[in-house]
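Trainee: Spelled out, the chains give:
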Amino acid sequence: MTAYFAHYLVMVGIYTILATSLNLLVGYSGIFSLAHAAIYGIGAYASALAALKLGLGFWGGLLVAAVVGALAAALVAIPSLRVAGDYYIVASFGLQVVILTVFINWTSFTNGHAGLPGIPRPSLFGLVIDNPFKYVVLSLALAAVTYAICHRLTASAFGRMLRAVREDEIAAQATGKNVVAVKITITTISSALGALAGSLYAHYITYINPTSFTLDESIFITSLVILGGTERLAGPFVGALILLAVPEALKFLAIPDTVAAPMRQILYGALLILFMFVRPEGILGRARTRPAA
Amino acid sequence: MDLVLQLLATGLVVGSLYALCAIGWGLIYGTTLHFHVAHGAVFALAAYYAYAGQTLLHLPLPVAVVLAIAAAALSGLLIDLLLYQQLERRGAFRTSIFIASLGLLILLENVLAIVFTPDPMRMDIGALNTAVIIGPVFLTYLHILTVALTIVAYGALMLFLKRSRWGQAIRAVSSAPEMARTVGIDLKRVHLLAYAIGSALAAPAGILVAMDVGAEPFRGTRFVLLASVGVIMGGIGSIPGAMLGGVFLGLLENLGIWKLPSEWQSAISFGVFLVFIVLRPRGFFGRTIHSAEI
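Taken in sequence, the protein lines are chains A and B. Position 76 (the first sequence) corresponds to 82 in this note's numbering; numbering is contiguous. Position 178 (the second sequence) corresponds to 186 in this note's numbering; numbering is contiguous.
A hint or two may mislead.
[Said to hold, decoys possible] The following residues of chain B were derived to be distant from chain A, with all beta-carbon distances above 12 Å: (1) L67; (2) V74; (3) M129; (4) G134; (5) I141; (6) V160; (7) R179; (8) A180; (9) A188; (10) V191; (11) L200; (12) L201; (13) V221; (14) V286.
[As the list claims (entries may be wrong)] Using C-beta positions, here's what the derived DEER-type ranges look like: (15) R130/B to A120/A: 24 to 34 Å; (16) L89/B to V252/A: 27 to 37 Å; (17) E254/A to R98/B: 26 to 36 Å; (18) H13/A to D10/B: 49 to 59 Å; (19) R130/B to A276/A: 27 to 37 Å; (20) V283/B to A260/A: 43 to 53 Å.
Rather than coming from a laboratory, the hints here were simulated on the basis of the structure. Every residue gets a Cβ at the ideal spot worked out from N, C-alpha and C, and that includes glycine.
Take the sequences, apply the hints, and build the full model.
Mentor: Given below as structure tokens:
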């Protein structure tokens, strides 16, 4: 296993966490969020700052990241999920813009475009995780933990409630469920998990700046969920395995960087459209019953 | 005080551009309930149509602009005909249409970025660039044209919706689609019309911005999302609301820099939006949409 391949697997782990947590919203609850990269960034910055300014270790940072990520999402979810679903698309985009602006402009705290260097590597029972090979284990282990949490959640009574809310809010409400509370809860949980990926990323790369947490990144994470398969927990993992390999494959074709980046975006865009036609449920998805035309 | 007047004037110009996008997007959203983010791609396409018409085909500017608006209207119509209506025929969910729209937005923007490079493509607008100084306020003829055109476009749209048969059909579909179908209105054709008109309204916004600061591939995303903010603030289903919402956002963004550093500009509108939906989820004029309604 070369370091190159190890790096790929570390990133697969990170994006699996991101996409699996986003799937709780997009797939299981029918809530479309464009702010997952911002949540990812909040996790990264929160845990980097906890390490650099407070001297907190990786595990403390992970906790801080989850709490701050959950709070940020709740702040937006509480007003916007009280109203129709489309409001959340707009509100989450708003969150994405505001958070990115904060990363860039709150220089005394985030160091702006220059970013935060020197984030320490995590250590586990005295063992410093200082190379990609060791990090693969950590990354995939955390991805597995996220998967397990999401699995427990979606298989529970709460998970059934999520699907009920997605399929028919009025019916869910009529049976006495608090639809709004369900939606806000799942948004908070999803964001707490998404922020973990940020923490993992920050301590892996040891340097973060705002360019990793843009709207494009949000859209990329969404593509992972949709291509892998919504409403299948393993879907995002498959999506990450495939889509993260694409840029690597493009590297073998001698395309200049200025063309390669938009080419990649064109491919993601085309795949999103194509999948809506041929397989809206994603690669691993189960077909859902469709409404009568 | 001079600064405030200047910010007010600039805010009005920018607000007019947002308003053009918002009334077009609001018309489409109100009629079809599609969350049409690819509207941003139509906005960008229109700018490049005008740019290409002028610099590659050597057309006179007014001809290039009129052709570009027509081409943009056609592009919007084709997006509905070839993408959304095909998806609907296959029984797609509304989310699927949004995702396809998002995919198309990314795809078209990046195609433009490859064809024309991501750098701004400047247009030659001649005398329109001349400065007009009214007291302490500095504008160009283009800025004044922007505001005037927006008012004319808004007036024409309202007249069309109120007076013409097709306009009434759009309003019927917008307020009660099932009822409209019952009285024999062809929903698909009304959708196509809404797309053509909505896109023809986004086109001048895209072209006017391009005339001012050059055509850019990725600018549309921001405009379309601000348009949706304007529509929600104004009240879904209300064209006057969308108009007001757009102008309000432009003024807010610009007056905001009076007190706040300019780099926070983009955060202001969305910050206000989040507060706004708590206080008045139905917008200035619109119908309330509770989460269980859609």
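Trainee: If a hint holds in the structure, say so; if it doesn't, say that too.
Mentor: Consistency of the hints with the structure:
Once the 12 Å rule is applied to beta carbons, L67/B is consistent with being away from chain A; the minimum gap is 28 Å. Distance check on V74/B: its Cβ is at least 30 Å (rounded) from any Cβ of chain A, clearing the 12 Å threshold; non-interface status holds. Even its closest Cβ contact with chain A, about 16 Å, leaves M129/B beyond 12 Å, as expected for a residue assigned away from the interface. For G134/B, the shortest C-beta to C-beta distance to chain A comes to about 32 Å, beyond the 12 Å cut-off, and the non-interface label holds.
Every C-beta of chain A lies more than 12 Å from that of I141/B, the closest at about 32 Å, which supports listing it as non-interface. No Cβ of chain A approaches the Cβ of V160/B within 12 Å, the least distance being about 28 Å, so the stated non-interface status holds. For R179/B, the requirement that its beta carbon stay farther than 12 Å from each beta carbon of chain A is met, with the minimum near 21 Å. Residue-level check passed: A180/B sits 21 Å from the nearest beta carbon of chain A, beyond 12 Å.
Listed as a non-interface residue, A188/B keeps its Cβ farther than 12 Å from every Cβ of chain A; the least gap is roughly 17 Å. Even its closest Cβ contact with chain A, about 20 Å, leaves V191/B beyond 12 Å, as expected for a residue assigned away from the interface. For L200/B, the requirement that its beta carbon stay farther than 12 Å from each beta carbon of chain A is met, with the minimum near 18 Å. Listed as outside the interface, L201/B is consistent with that label: its C-beta sits roughly 22 Å from the nearest C-beta of chain A, beyond the 12 Å cut-off.
No Cβ of chain A comes within 12 Å of the Cβ of V221/B; the nearest lies about 20 Å off, and the non-interface call holds. Its closest Cβ contact with chain A, about 4 Å, brings V286/B to no more than 12 Å, contrary to its assignment away from the interface. For R130/B and A120/A, the hinted distance range of 24 to 34 Å is satisfied, since their beta carbons lie about 31 Å from each other. Taking 27 to 37 Å as the suggested C-beta distance range, the pair L89/B and V252/A conforms, at roughly 31 Å.
Hint check: E254/A to R98/B, Cβ distance near 33 Å, so the stated range 26 to 36 Å holds. The hinted window of 49 to 59 Å between H13/A and D10/B holds, with their beta carbons roughly 56 Å apart. Against the hinted window of 27 to 37 Å, the Cβ-Cβ separation of R130/B and A276/A comes to about 30 Å, which satisfies the hint. A hinted range of 43 to 53 Å for the beta carbons of V283/B and A260/A is consistent with their spacing of about 51 Å.
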